[in-house]
Amino acid sequence: MMSWLDYFRSTRKPDPPSASAAKERLQIVLAHERIGRTREDFLPKLQQELVAVVARYVAIDPGKVNINLDRGGDMSTLAIEIELPGPPATAGAARTSAAAAR
Amino acid sequence: MAQVIVVTSGKGGVGKTTTSAAFATGLAQRGKKTVVIDFDVGLRNLDLIMGVERRVVFDIVNVIQGEARLNQALIRDKRTEGLAILPASQTRDKDALTREGVAGIIEELSADFDYILCDSPAGIEKGALLALYFADQAIVVTNPEVSSVRDSDRILGVLQSKSRRAEEKREKVKEHLLVTRYDPNRVERGEMLKLEDVREILAIPLLGVVPENESVLRASNTGTPVIMDTESVAGQAYKDAVGRFLGEELPHRFLEPDKKPGLFKRLFGGRAA
Ligand SMILES: Nc1ncnc2c1ncn2[C@@H]1O[C@H](COP(=O)(O)OP(=O)(O)O)[C@@H](O)[C@H]1O
Ligand SMILES: [Mg+2]
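Residue numbers (this note's numbering), protein chains in the order written: chain A, 4 to 105; chain B, 361 to 633.
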């Protein structure tokens, strides 16, 4: 049987629920781990598809495409560099980069 | 052709063996010829949970090494018709299990059984990889707890990249989430991940939820798969999960916390009311 003391103990302010912390931490860590996991899988395909899309608009040398996935603490970046061939006057490098995930 | 189902999780102690025993028994009870294979070489336990430990003569390694025929190693369950157990070796080391050897066993079993259940060891090393390699379907056993959820996510990645189906670029392994050791009271108090959270994070179809329940320990004490304890909530939850696996639409049960005791009961303990 519970004593009076137990009654007051059981009604004292509870610790903040920890389950929501669990969910948040899991979502963050898994977002990172999933990128790492699919890395080898999707980069070559991404490169292929990108080259195909860009090639529809400008002539490019498929060998001069660079894709880099950088995983950092708070942010990961996906950097895509495509060199455009052609005469020096119009030549240049189109650079684009996008944040892949937090 | 038999369907090969792996019961896997990454993490140990989450309920894979409990689930393998219950599920295999449940499928056989439903008239499906089922064999359950213990892949935990060196840490054989399925035999105890199935209550056949005294009938083990040969094991999977004996069969692979040609020391026994498959039929000599298979233990026919005496309580449930159409159910057989292939025990793991207790003495050999894990390397005795080869992919070619397992392939041969699965092929031979395929002729006689509807379902081949593979009880995976923990981890993502050789034994676990071998247990999932031939799978057509996977039951991913997960506890509502951070390390278990993370490991389940990891094992899902492995299923998608290292299974035979993945390697042969066939249709991917069918995934089922089984949440076990779920405690609705702790969930209500915010101490345990909610079912919805686990579902949202892992994002695979839910096969069932097995509550944390004393009947599981009792069942293991006596070597009776918990699904045979038809009074128990865990047994009923496993029965439902088997039903869903076979295509039935059943509501998920045992997700609600116990009724809260009133103030009077809290003051005077369980004797009131
Ligand atoms: N639903 C449950 N309720 C209570 N205890 C459980 C439940 N499921 C499993 N257990 C206990 O958890 C422990 C580990 O279970 P087991 O099936 O051996 O896990 P694994 O094969 O994943 O290592 C055992 O002691 C078992 O009795
Ligand atoms: Mg086990």
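One or more of the hints may lead you astray.
[To be verified] Straight-line C-alpha distance at most 30 Å; calculated DSS-like pairs for lysine-lysine:
(1) B:392 with B:522
(2) B:619 with A:26
(3) B:529 with B:554
(4) A:48 with B:532
(5) B:392 with A:26
(6) B:392 with A:48
(7) B:486 with A:48
(8) B:534 with A:67
Derived by calculation from the structure, the hints in this document are not laboratory data.
A quick look at each hint next to the structure:
1. Proposed proximity of residue 392 (chain B) and residue 522 (chain B) is supported: the alpha carbons are some 28 Å apart, at most 30 Å.
2. With a C-alpha separation of about 26 Å, the suggested pair residue 619 (chain B) and residue 26 (chain A) falls inside the 30 Å cut-off, and the hint holds.
3. With a C-alpha separation of about 35 Å, the suggested pairing of residue 529 (chain B) with residue 554 (chain B) is violated against the 30 Å cut-off.
4. For the hint linking residue 48 (chain A) to residue 532 (chain B), the alpha-carbon distance of about 19 Å falls within 30 Å, and the restraint holds.
5. Restraint check for residue 392 (chain B) and residue 26 (chain A): not satisfied, since their Cα atoms lie roughly 38 Å apart, outside the 30 Å limit.
6. As the CA atoms of residue 392 (chain B) and residue 48 (chain A) are separated by approximately 42 Å, the hinted pair breaks the 30 Å bound.
7. Simply put, residue 486 (chain B) and residue 48 (chain A) have alpha-carbon atoms about 29 Å apart, close enough for the 30 Å limit, and the pair holds.
8. With a CA separation close to 40 Å, the supplied pair residue 534 (chain B) and residue 67 (chain A) exceeds the 30 Å bound.
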